Amino acid sequence: MEKMQGENEDGQISSADENYNGALIHHQSILRNKRCLLAYMYHRANRLQRLRWQLGAVLPEDVKELLHPSEKEFVKSYSEALSSYMTKLDIDLAVDITPPKDPYIQVRVLNNIGEVLLGDQSTSLVRNSIHFVKRSEAETLISQGLLEEFTG
Amino acid sequence: MANYYDIQDILMQDETVSTVFLHKANGAGFLDPSSEDNNVARGSVVDLPLWLAQDLVQRQILHIKLPSCFNARHEQCRPNLPLILENVLRVRKEVQADPACVDLHSKCPFYYEMGCKLVELSVDPTLGPFLLTTLQGRYKDLLCKALTATLSGNLKFLPHLTEEETRLFEAGRDSVKAFKKWRLQGPRIEKAAILGRKRNRDATPIWS
Numbered sequence: 001m002e003k004m005q006g007e008n009e010d011g012q013i014s015s016a017d018e019n020y021n022g023a024l025i026h027h028q029s030i031l032r033n034k035r036c037l038l039a040y041m042y043h044r045a046n047r048l049q050r051l052r053w054q055l056g057a058v059l060p061e062d063v064k065e066l067l068h069p070s071e072k073e074f075v076k077s078y079s080e081a082l083s084s085y086m087t088k089l090d091i092d093l094a095v096d097i098t099p100p101k102d103p104y105i106q107v108r109v110l111n112n113i114g115e116v117l118l119g120d121q122s123t124s125l126v127r128n129s130i131h132f133v134k135r136s137e138a139e140t141l142i143s144q145g146l147l148e149e150f151t152g
Numbered sequence: 001m002a003n004y005y006d007i008q009d010i011l012m013q014d015e016t017v018s019t020v021f022l023h024k025a026n027g028a029g030f031l032d033p034s035s036e037d038n039n040v041a042r043g044s045v046v047d048l049p050l051w052l053a054q055d056l057v058q059r060q061i062l063h064i065k066l067p068s069c070f071n072a073r074h075e076q077c078r079p080n081l082p083l084i085l086e087n088v089l090r091v092r093k094e095v096q097a098d099p100a101c102v103d104l105h106s107k108c109p110f111y112y113e114m115g116c117k118l119v120e121l122s123v124d125p126t127l128g129p130f131l132l133t134t135l136q137g138r139y140k141d142l143l144c145k146a147l148t149a150t151l152s153g154n155l156k157f158l159p160h161l162t163e164e165e166t167r168l169f170e171a172g173r174d175s176v177k178a179f180k181k182w183r184l185q186g187p188r189i190e191k192a193a194i195l196g197r198k199r200n201r202d203a204t205p206i207w208s
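Chains A and B supply the protein sequences, listed in that same order. Reading the first sequence from the start, the letters are residues 1 to 152 in the UniProt record's numbering. Reading the second sequence from the start, the letters are residues 1 to 208 in the UniProt record's numbering.
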């Protein structure tokens with residue numbers, strides 16, 4: 001019965017329909033390529049957003065050199081939008097991702113950074129020195145890998 | 001369109017299905033390795049990826065044959081070739097006997113998602129319930145192993161899992177790890193994961 005139906009339609013199908021089918025196949029391939037490329041860019045942009053939340057406004061150098069100029073634009077404007085939002089609310093949203101137990105935390109310095117403004121005083125962070133700092137400030141530095149939590 | 005950017009969906013649609021063309025298609029001869037000119041003739045059997053086959057089936061340009069891994073007990077199975085029928089029935093029998101042991105990954109890495117797509121497109125009404133019973137049979141075993149897995153054991157059956165099951169397994173394992181870490185009160189703020197990786201190109205470390 002299927003064959004008969006096919007033969008029936010065959011009489012009515014002109015050569016234009018055959019070309020239509022071929023064109024359709026090519027069109028679908030183009031759409032597929034577009035989808036793959038868009039998905040790749042979308043996931044890259046997602047990763048950059050996550051990096052901004054984890055590391056703060058400055059990206060590490062080896063990540064920066066892998067970015068396309070338009071991605072650098074994206075990072076810059078996303079970062080600006082985030083910081084203007086956070087200053088309007090007057091809190092830093094990127095800290096305290098896990099609920100803190102203590103407002104203060106003990107940290108050990110892993111690398112020499114020099115003078116850093118911690119709270120109201122600027123402290124000089126020498127390697128392997130232990131400090132008792134406020135958790136919100138320590139959090140950005142820990143996630144950048146400069147400090148380590150000291151669980152003595 | 002919620003799946004448009006979903007990587008798993010994109011990968012899944014790369015799997016091929018065997019299709020029969022109902023109408024001719026000009027200029028698409030690269031799909032059919034046996035065509036001499038650049039055309040696909042009516043009635044030719046071609047292996048197409050699912051993303052292409054799906055659209056063409058909806059426009060009724062071709063017919064999808066259910067892949068043998070789903071056991072096509074289907075009108076397209078020719079009754080005068082009993083050997084093929086036997087091979088094809090074997091999958092369902094294997095699954096009905098013991099779902100937990102069947103190696104689904106080698107048959108099709110995206111077994112369940114592919115089956116779901118084919119349920120919408122093809123004629124076989126028993127495919128949906130069959131997929132459900134398969135997953136039910138495997139799920140309990142999967143969950144037990146995921147939540148009790150140690151680092152070294154339980155590696156033998158992992159290659160048998162499909163992609164979706166592997167994701168479930170890893171989610172279970174990660175949740176157990178996180179629970180143990182919480183229990184032991186490990187460090188709660190950590191260095192961002194991206195910084196730990198060493199790049200092959202640069203010899204200089206990031207933070208010196």
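By construction, these hints were calculated from the structure, which means they are not laboratory data. Please note that a few of the clues may not be correct.
If you anchor each label on the Cβ, the simulated ranges turn out as follows [said to hold, decoys possible]:
| # | chain 1 | residue 1 | chain 2 | residue 2 | range |
| --- | --- | --- | --- | --- | --- |
| 1 | A | Phe132 | B | Leu184 | 19 to 25 Å |
| 2 | A | Phe132 | B | Cys116 | 52 to 58 Å |
| 3 | A | Leu66 | B | Cys101 | 33 to 39 Å |
| 4 | B | Cys101 | A | Arg44 | 25 to 31 Å |
| 5 | A | Phe132 | B | Phe179 | 28 to 34 Å |
| 6 | A | Arg44 | B | Arg90 | 17 to 23 Å |
| 7 | A | Tyr42 | B | Lys156 | 44 to 50 Å |
| 8 | A | Leu31 | B | Leu132 | 30 to 36 Å |
| 9 | A | Trp53 | B | Thr148 | 41 to 47 Å |
| 10 | B | Cys116 | A | Ala45 | 24 to 30 Å |
| 11 | B | Leu158 | A | Leu31 | 31 to 37 Å |
| 12 | A | Lys88 | B | Tyr5 | 46 to 52 Å |
On a predicted model such as this, the values are computed, not experimentally measured, just so you know. Note that the Cβ used here is the ideal one computed from N, Cα and C, for glycine as well.
Hint check, failures only: Per hint list: 3, 4, 6, 7, 9, 12 violated.
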